[in-house]
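Go ahead and model the full structure; you've got the sequences and the hints to work with.
Chains as they are written, first to last, in our numbering: chain A, 1 to 215; chain B, 1 to 289.
Take the hints with a grain of salt, since some may be wrong.
[Unchecked claim] Per label pair, the in silico range of CB-to-CB distance:
hint, chain 1, residue 1, chain 2, residue 2, range
1, A, Q12, B, A133, 56 to 64 angstroms
2, A, L126, B, L188, 41 to 49 angstroms
3, B, A133, A, A200, 12 to 20 angstroms
4, A, R169, B, P186, 30 to 38 angstroms
Since the hints were made in silico from the structure, they are not lab data.
By construction, the Cβ of each residue, glycine as well, lies at the ideal position given by its N, Cα and C atoms.
Chain residues, written in single-letter form:
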Amino acid sequence: MTFWEYLGNRHQQLLADAYQHASAVFQCMVVATLLGVLIGVATYQSGWAGNLATLSTSTILTIPSLAMIGLLIPVVGLGVPPTVIALTLYGLLPIVRNSIVGLRGVDPSLVDAARGIGMSRLARLLRVELPLAWPPILTGIRVSTQMLMGIAAIAAYASGPGLGNVIFRGLASLGSANALNQVLAGTLGIIVLALLFDAAYVLIGRLTIPRGIRV
Amino acid sequence: MSAPEAPDLKATEGETGEETGVESESGVESGAETAQAAPAPPRAPARRVSWQKLTFVPAFLVAMLLATWLWFQQADLDPVSENALSNGQVSQALWEHVQLTVISTFFVLIIAIPLGILLTRRAFRKATPVAMAIANMGQATPAIGLLALLVIWLGIGRRAALIGMIAYAVLPVLSNTIAGLKANDPTLLEAARGIGMSPTGVLTRVELPLAVPLILAGVRTALVLNVGTATLAVFGGGGGLGVLITAGITNQRMPVLVLGSILTVALALLVDWLASLAEVLLRPRGLET
Numbered sequence: 001m002t003f004w005e006y007l008g009n010r011h012q013q014l015l016a017d018a019y020q021h022a023s024a025v026f027q028c029m030v031v032a033t034l035l036g037v038l039i040g041v042a043t044y045q046s047g048w049a050g051n052l053a054t055l056s057t058s059t060i061l062t063i064p065s066l067a068m069i070g071l072l073i074p075v076v077g078l079g080v081p082p083t084v085i086a087l088t089l090y091g092l093l094p095i096v097r098n099s100i101v102g103l104r105g106v107d108p109s110l111v112d113a114a115r116g117i118g119m120s121r122l123a124r125l126l127r128v129e130l131p132l133a134w135p136p137i138l139t140g141i142r143v144s145t146q147m148l149m150g151i152a153a154i155a156a157y158a159s160g161p162g163l164g165n166v167i168f169r170g171l172a173s174l175g176s177a178n179a180l181n182q183v184l185a186g187t188l189g190i191i192v193l194a195l196l197f198d199a200a201y202v203l204i205g206r207l208t209i210p211r212g213i214r215v
Numbered sequence: 001m002s003a004p005e006a007p008d009l010k011a012t013e014g015e016t017g018e019e020t021g022v023e024s025e026s027g028v029e030s031g032a033e034t035a036q037a038a039p040a041p042p043r044a045p046a047r048r049v050s051w052q053k054l055t056f057v058p059a060f061l062v063a064m065l066l067a068t069w070l071w072f073q074q075a076d077l078d079p080v081s082e083n084a085l086s087n088g089q090v091s092q093a094l095w096e097h098v099q100l101t102v103i104s105t106f107f108v109l110i111i112a113i114p115l116g117i118l119l120t121r122r123a124f125r126k127a128t129p130v131a132m133a134i135a136n137m138g139q140a141t142p143a144i145g146l147l148a149l150l151v152i153w154l155g156i157g158r159r160a161a162l163i164g165m166i167a168y169a170v171l172p173v174l175s176n177t178i179a180g181l182k183a184n185d186p187t188l189l190e191a192a193r194g195i196g197m198s199p200t201g202v203l204t205r206v207e208l209p210l211a212v213p214l215i216l217a218g219v220r221t222a223l224v225l226n227v228g229t230a231t232l233a234v235f236g237g238g239g240g241l242g243v244l245i246t247a248g249i250t251n252q253r254m255p256v257l258v259l260g261s262i263l264t265v266a267l268a269l270l271v272d273w274l275a276s277l278a279e280v281l282l283r284p285r286g287l288e289t
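Here you go:
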């Protein structure tokens, strides 16, 4: 069976896997973004809290994903829970770090001016600081998403959802005619998904980065 | 107002974009620098963080391994777990893991750093964007997929696992090297040329010393990535601590799974710690920012 025949035969199942992969990554990214920006907002003003947040998230990232999933399985079992927890944790670091760097990089005189015209703390944060810090945060989201695409594939070994299952099925049937097709379909599918997400982020950047700070 | 803002944001964007998610200490430090614009000396906090980290990590590792050991002392293992852990299989897996990491890191460095230097030379500068684009594409490739393809192509065994690990880690180290060499202050290079240094002299006596922190960050990135991908070597028959993890998952034996995972975590943190120690110790004196 050639690769194209394989794709034609299995396209329904592959599309279902691809959809699950994308939706797992997307949902975890939404949670990671909310948490990450919240952590960034809560910690960027104090030196040690910001450094602690970056340090602890970077320590999490140092842990190999298979080991992280392995440690989560005894606690939460197999399947979706360890996948979601691991993906969210790994997605945090680039977002936390970039929110802190972005928020700290906002020109203090602009914040001062906002205070001068009578904006409250919340308004300053929402209407001045976060919009100015948004481009680096968005970069963090992009970096996270790319990383999560690969980690989600590994999570399939712990019965997680997504295209990783196709790759592992191919690995399990090494030597059979379909092994290469399966591995290739899974790998290429993940690459395509990652590129699609990246394109979407470029578009989001175009639409949401305030015109004044566009580079 | 937008003019002074723009280069700043661009700088942070470039800095985070070039890393593949693996933390390098320099990222944190430059973040702290942008925070305190001028008044507070940025050196003190940067130092303190690394010092804290240097003592905290070993303490944490010792505590974690001690707790695991104590737990295994009182745990009663069933025959399946006994079987998976006896006869020095644990130490063998650990040793294989270390070997995989060291060998692949060695090859990553001797491939990526010279290639990065080559691609920033004048003659090849046109090829740099192409290389960066390929590197970015490569980052979208899942490690397990790459490994699986190599296993099918080269057959099961250690070689396929090693080549997969190397291919996976070369790209981030390469893009780090290119970005770092490009970030060197052009006026310094101009000055070096101005006092009559040859291109090789400029490279070996100015550019490379200036790029040492960056190369060290690349070493660290490669090491940490490789400790991680070495856990996947088991899927290609390459051994390593992944053997314990996968055995634990497929046989539903939590002690085996936990031991494999904890040893992997400990190894990853230890390697990261050693690399950050090297970064602190080997950084050229004049560049201690």
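Evaluation of the provided hints:
1. A:Q12 to B:A133: 56 to 64 angstroms: 33 angstroms, violated
2. A:L126 to B:L188: 41 to 49 angstroms: Holds, at about 42 angstroms.
3. B:A133 to A:A200: 12 to 20 angstroms: 19 angstroms, holds
4. A:R169 to B:P186: 30 to 38 angstroms: 52 angstroms, violated
Violated hints for the displayed structure, listed by number in ascending order: 1 and 4.
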